[in-house]
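Residue numbers (our numbering), protein chains in the order written: chain C, 2 to 621; chain D, 13 to 119.
Some hints here could point you the wrong way.
[Claimed, not checked] Label pairs and their computed distance ranges (CB to CB):
{"no.": "1", "chain 1": "C", "residue 1": "Leu620", "chain 2": "D", "residue 2": "His14", "range": "27 to 33 Å"}
{"no.": "2", "chain 1": "C", "residue 1": "Ser616", "chain 2": "D", "residue 2": "Tyr97", "range": "39 to 45 Å"}
{"no.": "3", "chain 1": "C", "residue 1": "Asn596", "chain 2": "D", "residue 2": "Val64", "range": "40 to 46 Å"}
{"no.": "4", "chain 1": "D", "residue 1": "Gly87", "chain 2": "C", "residue 2": "Val619", "range": "39 to 45 Å"}
{"no.": "5", "chain 1": "D", "residue 1": "Ser70", "chain 2": "C", "residue 2": "Val576", "range": "55 to 61 Å"}
{"no.": "6", "chain 1": "C", "residue 1": "Gln585", "chain 2": "D", "residue 2": "Val20", "range": "46 to 52 Å"}
{"no.": "7", "chain 1": "C", "residue 1": "Asn596", "chain 2": "D", "residue 2": "Thr80", "range": "33 to 39 Å"}
{"no.": "8", "chain 1": "C", "residue 1": "Val619", "chain 2": "D", "residue 2": "Ser70", "range": "29 to 35 Å"}
Calculated directly from the structure, the hints in this document are not laboratory data.
We put the CB at the ideal spot given by N, CA and C, even for glycine.
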Amino acid sequence: MSTQAWLLPALPFAVAILGLLFGRRLPGGPAPLAVTATLLSTVLAVPLVVGAVRAPTRVTETTHQLLSAGGVTVTAGTRVDGLSATVALMVCIVALLVQFYSIGYMKGDPRYSSYAAIVSLFTAAMLLVVLAADLLMLLIGWEVMGICSYLLIGHYWEHEYARSAAVKAFLTTRTGDVGFLFGIFTLGIGAGSFRISDVLAADLAHGTVVVGTLLLLCGVVGKSAQFPLHTWLPDAMAGPTPISALIHAATMVAAGIYLVARLFPVFTRSVVTLDVLAVIAAITMLGAALAALAQDDIKRVLAYSTVSQLAYMAGGLSVGGYGPGIFHLLTHAGFKALLFLAAGAVIHTVGTNLMSEMGGLRRGLPITFPTMTIGLAALAGLPPFSGFFSKESILGAAHEAATHGEGAAASSTFAWLVLVVGMATVFVTAAYVTRLWLRTFFGPSRSAAAVVEAPFTMTLPLVLLAVPSALLGFVGVDANWLPRWIGVEPLRAFAPEVGTSVVSVGLALLGILTMAVVWRRDPTGDPIARLAPAARRALDRAFYVDDAYDATVVRPTFAASRDVIGADVHAVDAVVNGSGVSAQVAGGVLRLAQNGNIQAYVTGMFVGLVAIVVSVAVLA
Amino acid sequence: MHLVYPLVLSALLFCLGIYGVLVRRNAILVLMSIELMLNAVNLNLVAFDAWVRDAVHSGQVFALFVITIAAAEVGLGLAIVLLLYRNRDSVQVDEATELREQREVAA
Numbered sequence: 002m003s004t005q006a007w008l009l010p011a012l013p014f015a016v017a018i019l020g021l022l023f024g025r026r027l028p029g030g031p032a033p034l035a036v037t038a039t040l041l042s043t044v045l046a047v048p049l050v051v052g053a054v055r056a057p058t059r060v061t062e063t064t065h066q067l068l069s070a071g072g073v074t075v076t077a078g079t080r081v082d083g084l085s086a087t088v089a090l091m092v093c094i095v096a097l098l099v100q101f102y103s104i105g106y107m108k109g110d111p112r113y114s115s116y117a118a119i120v121s122l123f124t125a126a127m128l129l130v131v132l133a134a135d136l137l138m139l140l141i142g143w144e145v146m147g148i149c150s151y152l153l154i155g156h157y158w159e160h161e162y163a164r165s166a167a168v169k170a171f172l173t174t175r176t177g178d179v180g181f182l183f184g185i186f187t188l189g190i191g192a193g194s195f196r197i198s199d200v201l202a203a204d205l206a207h208g209t210v211v212v213g214t215l216l217l218l219c220g221v222v223g224k225s226a227q228f229p230l231h232t233w234l235p236d237a238m239a240g241p242t243p244i245s246a247l248i249h250a251a252t253m254v255a256a257g258i259y260l261v262a263r264l265f266p267v268f269t270r271s272v273v274t275l276d277v278l279a280v281i282a283a284i285t286m287l288g289a290a291l292a293a294l295a296q297d298d299i300k301r302v303l304a305y306s307t308v309s310q311l312a313y314m315a316g317g318l319s320v321g322g323y324g325p326g327i328f329h330l331l332t333h334a335g336f337k338a339l340l341f342l343a344a345g346a347v348i349h350t351v352g353t354n355l356m357s358e359m360g361g362l363r364r365g366l367p368i369t370f371p372t373m374t375i376g377l378a379a380l381a382g383l384p385p386f387s388g389f390f391s392k393e394s395i396l397g398a399a400h401e402a403a404t405h406g407e408g409a410a411a412s413s414t415f416a417w418l419v420l421v422v423g424m425a426t427v428f429v430t431a432a433y434v435t436r437l438w439l440r441t442f443f444g445p446s447r448s449a450a451a452v453v454e455a456p457f458t459m460t461l462p463l464v465l466l467a468v469p470s471a472l473l474g475f476v477g478v479d480a481n482w483l484p485r486w487i488g489v490e491p492l493r494a495f496a497p498e499v500g501t502s503v504v505s506v507g508l509a510l511l512g513i514l515t516m517a518v519v520w521r522r523d524p525t526g527d528p529i530a531r532l533a534p535a536a537r538r539a540l541d542r543a544f545y546v547d548d549a550y551d552a553t554v555v556r557p558t559f560a561a562s563r564d565v566i567g568a569d570v571h572a573v574d575a576v577v578n579g580s581g582v583s584a585q586v587a588g589g590v591l592r593l594a595q596n597g598n599i600q601a602y603v604t605g606m607f608v609g610l611v612a613i614v615v616s617v618a619v620l621a
Numbered sequence: 013m014h015l016v017y018p019l020v021l022s023a024l025l026f027c028l029g030i031y032g033v034l035v036r037r038n039a040i041l042v043l044m045s046i047e048l049m050l051n052a053v054n055l056n057l058v059a060f061d062a063w064v065r066d067a068v069h070s071g072q073v074f075a076l077f078v079i080t081i082a083a084a085e086v087g088l089g090l091a092i093v094l095l096l097y098r099n100r101d102s103v104q105v106d107e108a109t110e111l112r113e114q115r116e117v118a119a
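If we strip away everything but chain C, and leave its shape as in the complex, we get:
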């Protein structure tokens, strides 16, 4: 069965092509085809996971040589093991629910058919990344995701903000991808093969590993929206909400973390890389959480929370917590998809993204309210919801690396950094989650619209996602469950440590309490305006990182572009136009000879003839 893994990306890919070609003419619209294909992929993914659960250490690879040029062999094939099977199943499920949810959310959208097709393509690309056995195949999926995110973020291309957000996402992730490409080359050429199993097994020189992994990290930072390339993700909210769910939960941002996990044995050989990753994760985790604290747009709160949570995963990986990182990736996929889809249902009802125009929505939304509450509790890391267990496992791993300082982790200093910042972020996370919850669902209503629950196609995915958001944490408590499936070594359960758990739950409760107390004094106002009025603007602008980029990158680029245009007009064009003008002038002189007098012509001929004859006679 595992050898049929190529069908997983192939099915959505075929449907995407069909949908792009014939989407508008399909009976019943584009939805049935897209949903069916994703469902089939999901069904196909289940046996892979079952196989991985039965034999966790087995790696099934298929390889077809595509081409061999100059000592470099490119192969196509799938690599199925516990990690890839589990993540593939997660991707399929989230994509399936997003496709299903879109039936309701995108109803009546004029470009629904191309939207559904590109979502399929997106899914196919992510599955290719997950299942690829060759780094170059992985790169193809990685790049296809880039273009799909561009197309989907720019879905509402009538609006200027959507277009610029799409371009920003594409350019920012591209910036990281340059490093990624060279990272692949470095590792692939160092190992003499681009196959993942060969790269993992190769005895690479230390320098190659450090350079290769640092370059790969550029791509990871771009794709997974880590500082300093995180700015595209909050802007990517310009796309339809289901797309936000897809990008944030299952595809795109997960790809970066997945890549680090996929090549984790290589990464652990370079302490420098893990140190860098730890610093990036620490900065991103706290910075994004603080930025989430002040956003008014509900989707931007969730976007910054994604950035922050991805930093948790990166932090977990940097302290050697391969298992915890993947565990958090999986639980986060569940609750973040839930949160985005629920936010979509709220937006669908209220007709605005702004929390200042919401409030008191709990009464009208009997399904959205409880499911979103579960998602938010998971995000805040409250026991017994899934986020608690996975976040706890990361903090536990950081604590262990900080105190014991094992080999396959960042240095102890940086592990402490991850641990302390991670704890601080727990507090901030709880605070912004509470703010979002209270501002949206409690207090007096500030909305003009009548509150009506979303249609069945939208609420069903919410209910389905609420289950893993609440319970997925328990798959990690026994070492024979998730830790064994994804091949954690040494094998151990993701059981919460008592010490870190007490501190982090305490901090989370403190965050909730602080925000709730402040909110109670004025249920209509924004609690952050009361709590930190001075810092509010800086937080809302996410510490002016965008403005800094605007000043240091965007505007100089525009200025350089203008200079290039000037050079083109005044130098290159001048040469071209000048040659034309000079030909015209010379032609004007020659035209004088064309005077219409036949005897003048004959005279010219005769003189020429005589000249030729004389010259022949003289020279010969």
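For this one, chain C is given, so just place chain D on it according to the hints.
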């Protein structure tokens, strides 16, 4: 007879023809000058034929060809001159300059 006499004569005739073609403005006189040039060539051909003592007299044969072609050419030429006269009431060559480059037409 020495070869130089007919050659000098033919050169004189040819120069006369050239002069006529380049200078005369009447189209009929231009045609006549062309005939002079052709006949100068004929004279050359016949003279060289006699001087070389060619067994098949190719010089004379060519001269006959030239005479034939000259007849045809005069037929065409006179027809053109006739049309020119009918259209313009004049056979002055230097007045027929319709195909000259128009100064004001920009490229």
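Comparing the hints with the structure gives:
1. For the hinted restraint 27 to 33 Å between Leu620/C and His14/D, the CB-CB distance of approximately 30 Å keeps it satisfied.
2. Between Ser616/C and Tyr97/D, the C-beta spacing of about 41 Å keeps the proposed range 39 to 45 Å intact.
3. Between Asn596/C and Val64/D the Cβ separation comes to about 45 Å, which falls inside the hinted range of 40 to 46 Å.
4. Between Gly87/D and Val619/C the beta carbons are some 40 Å apart, a value that agrees with the proposed interval 39 to 45 Å.
5. Remark: the range hint 55 to 61 Å for Ser70/D to Val576/C is upheld by a beta-carbon distance near 60 Å.
6. Hint check: Gln585/C to Val20/D, Cβ distance near 51 Å, so the stated range 46 to 52 Å holds.
7. One distance hint, 33 to 39 Å for the beta-carbon pair Asn596/C and Thr80/D, holds here, with the actual separation near 35 Å.
8. A beta carbon spacing of about 30 Å between Val619/C and Ser70/D agrees with the range 29 to 35 Å that was offered as a hint.
In this structure, every one of the numbered hints holds.
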